[in-house]
Amino acid sequence: MVTLKIEDLHVEVEGKEILRGINLEVKSGEIHALMGPNGSGKTSLSLALMGHPKYKITKGRITLDGEDITNLEPHEKAKRGLFLAFQNPIEIAGVRLSTLLVAEYNKVSGANTSVMEVISKVKNISKEVGIADSLLNRGVFEGFSGGEKKRVEILQMLLLKPKIAILDEPDSGVDVDGLRMISYFINKLKNELNVGYLIITHYRRILDHISADKVHVLYRGKIIAEGGMELAKLIDEKGYEAVLERNS
Amino acid sequence: MQEDKISLDLHEIINATIDAKYNKLNQLEFHRRIVESGLSRSTIEEISRIKKEPEWMLKLRLKGLELFEKLPTPNWLPDVLSSLDISALELYVKPGVDKAQSWEELPPEIRKYYDELGIPESEKKFLGGLVAVLESEPIYSNVKVELMKKGVVMLPIDEAVNKYPDLMKEYFMKIFPASDHKFAALHGALWSGGVFVYVPKNVKITTPVEGFFVIGSELEGQFEHTLLIADEGSYIHFIEGCTAPQLKKYSFHDGMVELYAKKNAYIKFTTIQNWSKNVINFNNKRAWADENSTVEWVEGSLGSKYSFVYPSTILRGKNASSTSLVVTMTSGESEWKDSGSKMIHAAPYTKSKVVNKNIGFNGGVNVYRGLIKVNKGAVGSKAFVKCDSLMLDDKTKAYTYPHNQVLEEDADVGHEAHTFRMNEDQLFYLMTRGIDEKEATSMLVLGFIDEIMKELPFEYATMLNKVIKLELDKLGAVA
Amino acid sequence: MQWLKLGVVDIQLAKKIINENFTQDRGEREKAFSLYLSKPYQLIHDSPTIKHYTEWDLYESLNLSEISRQEVKYSETENTIEIIDDTIRIPKNNIEVDDLLNDNVISSDEHKLVSLAYSLSRRITISNEGEYHVRHVVNKNKYLLPSHLIINVPKDKQIKVIYEGLNLGEGSLITPIISVNIEDGSTLDFQFVNFSSNNSLLFSYIKANIKGTMHSSIFVNGNKMGHVQFNTRLEEGSVSEFSSRAFGTHNNKIDVVNNVIHLGQRSVSNGFMKAISNDQAFTVVRGVATIDETAINSSTSIIGRSLVLGKDAKAVVSPMLEVKTGRVVMAKHSAAVSRIDENQIFYLQTRGLSKREAEGIIIRGFIIEEQDPETLKDRIEEILKSLGY
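Protein chains in written order, with my numbering: chain A, 1 to 248; chain B, 249 to 727; chain C, 728 to 1116.
It is worth saying that the hints were derived from the structure and are not from the lab. Please note that a few of the clues may not be correct.
Restricting the straight-line Cα-Cα distance to at most 30 Å, the calculated cross-link-like pairs of lysine-lysine (DSSO-like) are [said to hold, decoys possible]:
(1) B/Lys630 <-> C/Lys1038
(2) C/Lys1082 <-> A/Lys121
(3) B/Lys272 <-> C/Lys766
(4) C/Lys1112 <-> B/Lys624
(5) A/Lys16 <-> C/Lys766
(6) B/Lys599 <-> B/Lys630
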């Protein structure tokens, strides 16, 4: 049982404070949804949690399984089982996707598995996730469609088997089949490996397929509401204004 | 007040300069030729005496002359200039009119001239003050009460020499030193007319301010100088719009613009140049940008036969930024537009953006010469250059010569250059919507320079619009 | 102490070699050598603020005291040419070697150092189909080892040439002059690799007249001063695809110039110019792509990218374009200089790679190319490992 604990987190970017005291806990096997209007700081939270250099933590701390990981380097967090699926991952031309997948598998697992073995694992997963083998030979995200990018992020999640996974809008830009596939695997990892999730979603499409244990609403850098699925339903029917009114 | 006219055989001076390319002419020979054409120490002393200048200004002019003789001819001067036919041009002809205090005082021919340009309208609606340079001499200055109240200084630069010697001494030809290149030195020796503007601390002038230059007489070399200092926290948009009547012989223009944006200041400097096609235009433009300041250059070079303009900024203070938007158009055989920008990043977190759009047809040549230099220590600097050339027919030519020198590891510099034809698919689409080819072409051309059009005040954009349409009429016409 | 700039080589020694070492074209050699003595390094045609990027003084102050005798020896290894110190080893068949100076593509007066190289080298000609390996190696110090190679690809034939230059001498100069002619329907696959110690110099002048197709790859590492000039002239319907890479470490100064002239209709050029500057190195990637009036419906696309890795490293990118006709399909040039994108590093870190590992993977992806020969890939690996990546 592992807990990702965020305590009174204050984050600044380019001199401006964008997260103003976040308190949140995600335990193994739990699914948390983080919602909020655009600009509320959802993606910023995900990047700050992973240790993006532009995001400065000015107060508070982050612990994973009891260990203070606030100031660790991103790769050290990855090795400790924290995973982030990016909303819009960056292109890295010249670096082959297969090269990256082999490297990251060995880094995070600490093993020294042969290239062939990793690739065969990758190919099995890519079949299930719906990624053509040809993509493996392309530059990382070079010319990938939005849907392809999301699938590659999920592929990596399945490859690395994290303890806690942060998914930044896994449902945006994905078609119906893609959404079903992603939801399937989120649930699969939760049931088989007890993975805990923090899912960032704007329109809660994914919540049609996944039941969240808790829903948090972020607004202007603060969590202003927490509840169960009924909170998500309220937002769906009446928009964020309803939540703001309720909690103002 | 009658002065003697000073005759200078600029034709011979320019020819000597071109002959001196690649050091083919030794200094003694060069000196002899220019003295014979009327450019000598005594000529300079005479000019200074007539203008009643203090000793320090005379010294500066003489230094300019010395440098003009010493400095090598820029090797990048295109060989086309050797076929120039500049006849003897008269320098510093003072028209027989004293300074006028109001519109009605101007001689009727001149007034009619300005009427055609629509100045009275602009004066009423937009201007805060106007200084007009006619034949190297300011004849009309009218500083509005509002500006005076704010403490803004705007007056003919000849007057500023005596009225604001401290400011002049500190900045005049310091931002763009005479030693920079041969024509800057020539300017230093012969400069005459122009405007001096000083905006005090925290004064923001929201309406654009204009200055007009007119080449009135046929044989005229123009060496006007603009010095604009925006003190800390101030804001000014200055517009320089020029026109010239059809001349029979070539005119030579070697002007200079020096801008200084102090801490937190903002200067936008717009020039629309539409001189007739027998003018050779050299315009030396440079700005200093201190901490947190912004300098924006907007340049529309449509007229003249040859034009050499490179708006440049030295980003001296942290967080300073500068943009340079230049449009050039060549619409005739042997027209040569040479433009570009120099952005020197000499402080951390500075930003620059250069957008250069060239339109060419009927055998014109557009050249982009630019330099982005990021000095060591200018961490966090970002620079971006976009240089596009639109070729409207087979005969035109486009050259781009960018240099990007990055001496600092923590810097980001990008450059893109595209040269292309009019997109036939787009043309076709517009025509299927009922728009004839001419109209469609001008729509696409205006779309091409939209980025720059957006930066112009409405009146200028309209005028530019009209001018470009007129120029495009020449497209496809037999030479 | 001021460097004595007596010139690239000891003049007396050079004259002696010209007299004693060659059996043909002695008069031509003497002419070429005088041309070398009298010509300046370059005329500046460009911006007023930019002078030369190559420090020609470094060549002038070499005062080399030993010049290769280029003794010809015949070997059994097919299609391999070895120019190593004092010896030229070539197979008996298929490749010609002679003492003539004449070259249809590169004339002596094209560059000061071309005239020097011509006056002191034998001429090697490849004109038959096949795959060839050239090794041009200097082991001695303060040594001049020039070479003059002609590659003539006859109509409808394919030739591949891998040219490996290795300059291990201290203060030595290696000058490969390579002239290429590709006829209609023919293809040349050309790979030029040069590794030099940080104290030696390189001057290479490669020029190609192309009617068919040329794929080229140029890679330079090392050098106190390395200047490579690659000029291609494209005739009707021809294609030139090239990639040139400058990898500067320590105090290296590398200047790679890629000039393309489109003379014929529907000619196409496609190029990548890359550079890495590490430590205190200075790399320059530049060149002019010209589309002449006669080259209607041609296209050129050249992308330049420089990675700056060292705190004191410097880079210049200067992609120039001259389009002399409106009937152009496409003409574009782009160039960028920056450090490695921190967002890319971050992404790789979230996947478990340390910062160094992330940089290493990105640098490798940038500088290694698929079709590089294994020897080159190994060499690059060695360098990267020695830099800590």
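Below or equal to 30 Å on CA atoms is what counts here, so check C/Lys1112 against B/Lys624. 27 Å, holds
Is it true that the CA of B/Lys630 sits at most 30 Å from the CA of C/Lys1038? 17 Å, holds
Straight-line alpha-carbon gap B/Lys272 to C/Lys766, limit 30 Å: 16 Å, holds
For the pair supplied as a hint, B/Lys599 and B/Lys630, is the alpha-carbon distance within the 30 Å limit? 5 Å, holds
Are the Cα atoms of C/Lys1082 and A/Lys121 separated by 30 Å or less? 26 Å, holds
30 Å limit on alpha-carbon distance, applied to hinted pair A/Lys16 and C/Lys766: 61 Å, violated
The structure is inconsistent with hint 5 alone, although it conforms to all the rest.
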